[in-house]
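**Q** Now for the letters of each chain:
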Amino acid sequence: MLLNKRLLLVLDQQDDISLALERCHLIASRLQSAVTIVWLGDDQVKAEQAMAELMTDGVAVDLRYSTRHKLLKQLAGLLSQQSFGLLIKSCDPRESGFMTSMDGHILRDLPCPVLLVKGDQLWQDGVVMAAVNALTHDPHQLQLNDDVLMVAAQIAVVTESALTTAVACPSAMMGADPVLQSENLIQAKAQEALAAQLSRLALTVQASAVGEGPVEYWIPEAAKQLKARLVVIGTRARGGLKGALIGNTAERILSRLDCDILVLRVGLSDEVVPLIK
Amino acid sequence: MDPIRSLIHCFALAAVLLSSSVSAQADVDRLNTPALPSYRADQTLMLDIAKHGDQLLAVGDQGVVMRSSDQGQHWQQVQTPFSVMLTSVFFTDAQHAWLTGHDGLFAASQDGGMTWQKLLDGDQINRLRLQRLQAIAAELQSQLDAEPDNESLMMRSDDATWYAEDAAAAVEEGPSIPLLDVWFADQQRGFALGAYGLLLKTDDGGQSWAYWGDRLDNPDNFHLNAMMADHRGDLYIAGEAGLLFRSTDKGMHWIRIDTPYEGSFFSITEFKQQLFLMGLRGHLYRSDDGIDWQAVKTGYQATLLSAVAEADKLVLLGQGGLIIESADGQHFTPLDSGGRRSLSAGVAVDGGYRLVGEGGLLSLEAGDE
Amino acid sequence: MNKLSRILLAPIKGSEEFAERFLFHRRLPVLLVFAALTLFLAWQAVQIRPDASFVKMIPTSHPYVENYLKNRDDLAGLGNSVRVAVAVNEGDIFTAEFQETLQKITDELFFIPGVDRSALTSIWTPNVRWTEVTEEGFVGGPVIPADYDGSAASLEQVKLNILRSGQVGRLVANDFRSAIVQVPLFDKHPDTGEKLDYQALSQQLETLIRDKYQSDQISVHITGFAKIVGDLIDGAAQVAVFFGIALLITLVLLYLYSRSITGTLVPLACSVIAVIWQLGLLKLLGFGLDPYSMLVPFLVFAIAVSHGVQIVNTIALESARGADSWLAARRAFRALYIPGLTALLSDGIGFVTLMVIDIRVIQDLAIAASLGIAVIILTNLFLLPVIMSLLGIGERATQRALIAEQKQDSNWHRLTWFATPTGAKFAVVVAGILLVGGLYQGQKLQIGDLDSGAPELRADSRYNVDNRFITQHYSTSSDTFVVMVGTEKDQCSSFNTLSLVDRFQYYLTNIEGVQSSVSLVNVSKRVTSGLNEGNLKWRTVSRNQLVINASLSYVPAGLMNPSCSLLPVIIFLDDHKAQTLQRLTGKIEQFAAQHDSEQIRFEMAAGNSGFEAATNEVIGTAQYQMLAWVYAVVGLLCLLTFRSVKTLICIIAPLALTSILCQALMASLGIGVKVATLPVIALGVGIGVDYGIYIYSKLNTYLVQGMALPEAYLNTLKTTGKSVAFTGLTLGIGVVLWVFSPIKFQADMGILLTFMFLWNMLGALVLIPALACLLKCGATGIEAISTTEAEVKDVVK
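Chains as they are written, first to last, in numbering that gives the first Met the number 0: chain A, 0 to 276; chain B, 0 to 368; chain C, 0 to 796.
Here chain A stands alone, though its shape is the one from the complex (with noise of 0.2 Å):
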């Protein structure tokens, strides 16, 4: 299972680790995983303490050392030699200047699922929601489509949530297919799609949230709405140019949410398949 593998920890010294601390020892104690602290600062005892409390459950935890700088360079490193099988942060979205964010670094080029974590509520018998782009033709789209949907399921059995699914639709276009044209005839379009698209993994949800407008504006409602407390996404994770240009929608959301989420990447479906299995 993906989420046996374990689990990468990303302190700030400079913020308040508690919630991502909690989050990693419920999630880790649920699993058994082991844990390693990736602690950004040079205060020792502080780290320490993070570590001996999350050793508390009998979870293996390993700690290293980090700074900002080099932090990206070390977790790539890490993940290139172990496989992690996710990596838990505080969110972080803060922008500085025109820069990317910290976390959106981390989105862009880590090859694992990341949590960020904003929340403090228990997942317990709570609303999963999966953010699902259903108008898509893009062959990469719906595979990610079809991950997001999955690791919800899971996630939703094994913490006994409900889970929902949310979908924004494009709005209205004028001159586009005659489809497109309308708010009613898309939503139905994106309603048809998305209960295709869940007969075909064979999954049920409890509740949908289909909306008009541009996936930032939406997501956020649809989670207000279902009282989601995790909202599984996924991202193209466009790094470079076109990231500059036209960035990534989930970093987007990040900043508009209150909830945890959980990111997950292009290309790692390879490793979900089979897990799921």
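There's no promise every hint is true.
[Stated by the list, open to error] Below are the DSS-like pairs computed for lysine-lysine, each with C-alpha atoms no more than 27 Å apart in a straight line:
| id | chain 1 | residue 1 | chain 2 | residue 2 |
| --- | --- | --- | --- | --- |
| 1 | C | K103 | C | K187 |
| 2 | B | K296 | C | K158 |
| 3 | C | K12 | A | K241 |
[Said to hold, decoys possible] Covered by chain C, according to a simulated footprint, are these stretches of chain A (three or more residues, beta-carbon under 8 Å):
| id | segment |
| --- | --- |
| 4 | 162-171 |
| 5 | 175-187 |
| 6 | 212-219 |
| 7 | 240-247 |
[Said to hold, decoys possible] Some chain A residues flagged as far from chain C (calculated, every beta-carbon gap over 10 Å):
| id | residue |
| --- | --- |
| 8 | K4 |
| 9 | D41 |
| 10 | A59 |
| 11 | K117 |
| 12 | V126 |
| 13 | L200 |
Derived from the structure by calculation, the hints contain no laboratory data.
All C-beta atoms in this analysis are idealised placements derived from N, C-alpha and C, irrespective of residue type, glycine included.
Given chain A, work out where chains B and C should sit, using these hints.
**A** Okay, now just chains B and C, sitting in the frame of chain A:
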């Protein structure tokens, strides 16, 4: 222009091109090409006007002949088969009229000026002249052969030979000598005169001509500008360089008369039985007998080109729109021609004058003083 | 059709996502980039200079113009020239003061850059001579004698010389109260190659000549193409003032309409930025502004405002639905992307088709207009939403939109009558009547100038007053048409040539509209007469070649070329009306057809009327070519966008009606189709197609949802229709004030543009639903929806 019109235009042009491609020619010989009918013909440069009764004929540049049958109230352009500049016109009677022009043109009309036939052109004139001068040279040559030591005879023979060669050269050059005036005694007998001492005589209404220029004492071949007959029937020829000739035997023999002026005379006329000779730069001379001439000061310097002599009035016409009239031939007063365009000829009609000149036809009513 | 349209339009649709993400991803950098570009282009734009050229105005591949350009060097002063008439207010010109003034003016003109000094002519230049015949032969000399000293005797001599020089009516007025200096100009300096700076020349003429010498006693009158251009360029400042007024009116009305400060200022600012970019780009590409494309910036502004208002309106509607400024802007961007882009592309490509016309000025205009349209895409379709997303539309505007949406009985209901069968038939019948009337009236549309003088300027403008002065007091008109008679080398003075040209000149006097003509033949005739003591009976072409040669021993400049293979016949016309020119060229062609040969050719044309004749011909055909191209491009794009021929008819028919009525209007107002007015109709199509595309796109979104036509149309009116009506009215009001402009050209354009704005709006609002109803237009592309989707639709409803 809309598409339909341009299409029709194209077809029309094509038609013209096709029809004329056969006859397109580089030279258009103005001796043989008909005058162009024009709605502005009455504004063409006109050089002479003649009157018979109510009929008027005016001739001018481009072969334009204008005709009126109501003393010049209304005019019409008459078709002519030539388009050279026409220099003078003359009525003998209601039916018969004659005109001369450049390139040696002489034409006659039998119907009062409605139709015209070309009877003489410059080539024919050249040949006539050549024949005559060659004959004279041959004659003198034979005389000289008889008297080889006669100096004056030798000079005359040389001169004659030279003139004959000159005439031969003229034949080569083509019909380039203009006729400047014409005078007819009746339907049959008349004279035509022109540049370079040209004088021609006809006895059959212009069908055939004889070269008469050798009968004038004009060794430099100065231009002969105008011809007139006075009340006695004597004929006068006025020309360039102060030339004046008189004939008292109906033009068979001519004597040269000395005049006090060495410039061109353009016209000679008779008023109250006195002769008036006029020309360049306002020079005007008067004579009772045609031999002695006195200057008349008009007070005007413009060249005098022509005159209209009535019973009680003499009107002189000149360059720059000059019109001066006199009742006694001594004192002249100006009339208003309404402009600065030169006037070359005129006739008197009921109630005024009909004049021609640079601006074409001009009417002067009696009240325009 | 569907497949083709899908392939061709795929880039447009695909690009929307990319554009949207790019623009809204990081808005601040985007704004900074735009700001930087704007500053740079603004800096370029202020450096833009007027750039007029005589040759640019004439169709350079027309045979007449080709002939002229071939012989240009031999035709001194027959191209571009200016006449300066110096007049006394009392008395005549034979006073010492006047002569001194005239001399000084001649000297001043000599030194003005661009003047062809060797061909400058006035009684004070040595090339103007008098001749007289005396007993000794010819005498002659310069009109102003060498010993001139201003005394009464000298002046008397001058008077006499003038009379003897034949210049009365040419360089000296018929009433002896004024004299002319003829100033030929170089379009391009032969040595330095620099182009003539019309504005500088005009200013120099004003400051150095008119201002300096005009006084109580002396008045100065100046005419010529260069002066017209100079006056127009000077008038550019006033043109700009009228633009400014139109801008202000748009500002006020837009605020009253939207009650939103940002909703007013931002679209206007973006539209002005579009104009700045357009001018800046023009400067970068090396173009200048010529007086005939002065209106392009305003057109760019007008089209930009149309699109801007659409976007702002949509943003207001989205705000009324509860979206915040960012969301509203994004949704508006997406919604209007395709129609906006299609409309602008069809405008832009439509204008590019003006390049088919062979006149440089119009081609430059095509480029300027297309550039402007392309820029609008960036400023009003891209920049505007980004700015609005940051600033928002304001509470009041949102409230207004909300109220308006909820209003049940709006005035728009009345217009929906046209979407019903009875109303539709009525509308179409009325349109049909107007069409017939328009076609009938439009037949009277004339090509070329219909008035004398300079029709671009008012009849009482200084130029036209001067022009009338000169026409009244002189015998040579300023309307010249030059026929170039070509012969073999050294044959230009042969008897055959001169005799035929003599006949030709007489043939010309027989053509209505011809005043007189001048050529080598006139010189020969006069001198031949002079050689014979001034006898009028010798004023003809002598048949004796030696006499001809003697008569041509002194020939004034411009009547033959050095190798004696060209003699121009300069024809003076009563006017340069299109009819006159057509008649003349037709007759000359006839003559040429009859007489052209190896030895002699009669070729047209030069002289300002010659060029005008060529231009009229080109414009005559170009008019229809241009319309055909513009409609083809616009039609094709509409067809691809909507994939339905019926829709195409709905959109194009009102445009066609506008074009026809515009032509009829031009005919009624006495505005001829000339270089200046030719593009107007094409531009009108560009303006109008925007309305049609927006309205029909919106209508379609409702039809696609299954609404009936009247209901769908009502909704369209309440949203898009409102913007269209507002834009049409506002721009119309802004432009109608141009009628008061001192530049007649701008006033005429004002009337035509007002008509086009209003009529396009009306046509779009009334005829589109009418035609849609009658043609039974369903939602376009609806056939592409599969049956299952249709079922889903039913379920959703």
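**Q** It remains to establish, for every hint, whether it holds in the given structure.
**A** Here is how each hint holds up against the structure:
{"no.": "1", "hint": "K103(C) with K187(C)", "result": "26 Å, holds"}
{"no.": "2", "hint": "K296(B) with K158(C)", "result": "24 Å, holds"}
{"no.": "3", "hint": "K12(C) with K241(A)", "result": "19 Å, holds"}
{"no.": "4", "hint": "162-171", "result": "holds (count 3)"}
{"no.": "5", "hint": "175-187", "result": "holds (count 10)"}
{"no.": "6", "hint": "212-219", "result": "holds (count 3)"}
{"no.": "7", "hint": "240-247", "result": "holds (count 3)"}
{"no.": "8", "hint": "K4", "result": "34 Å, holds"}
{"no.": "9", "hint": "D41", "result": "33 Å, holds"}
{"no.": "10", "hint": "A59", "result": "41 Å, holds"}
{"no.": "11", "hint": "K117", "result": "21 Å, holds"}
{"no.": "12", "hint": "V126", "result": "24 Å, holds"}
{"no.": "13", "hint": "L200", "result": "21 Å, holds"}
Comparing the model with each earlier hint shows no violations; every hint is respected.
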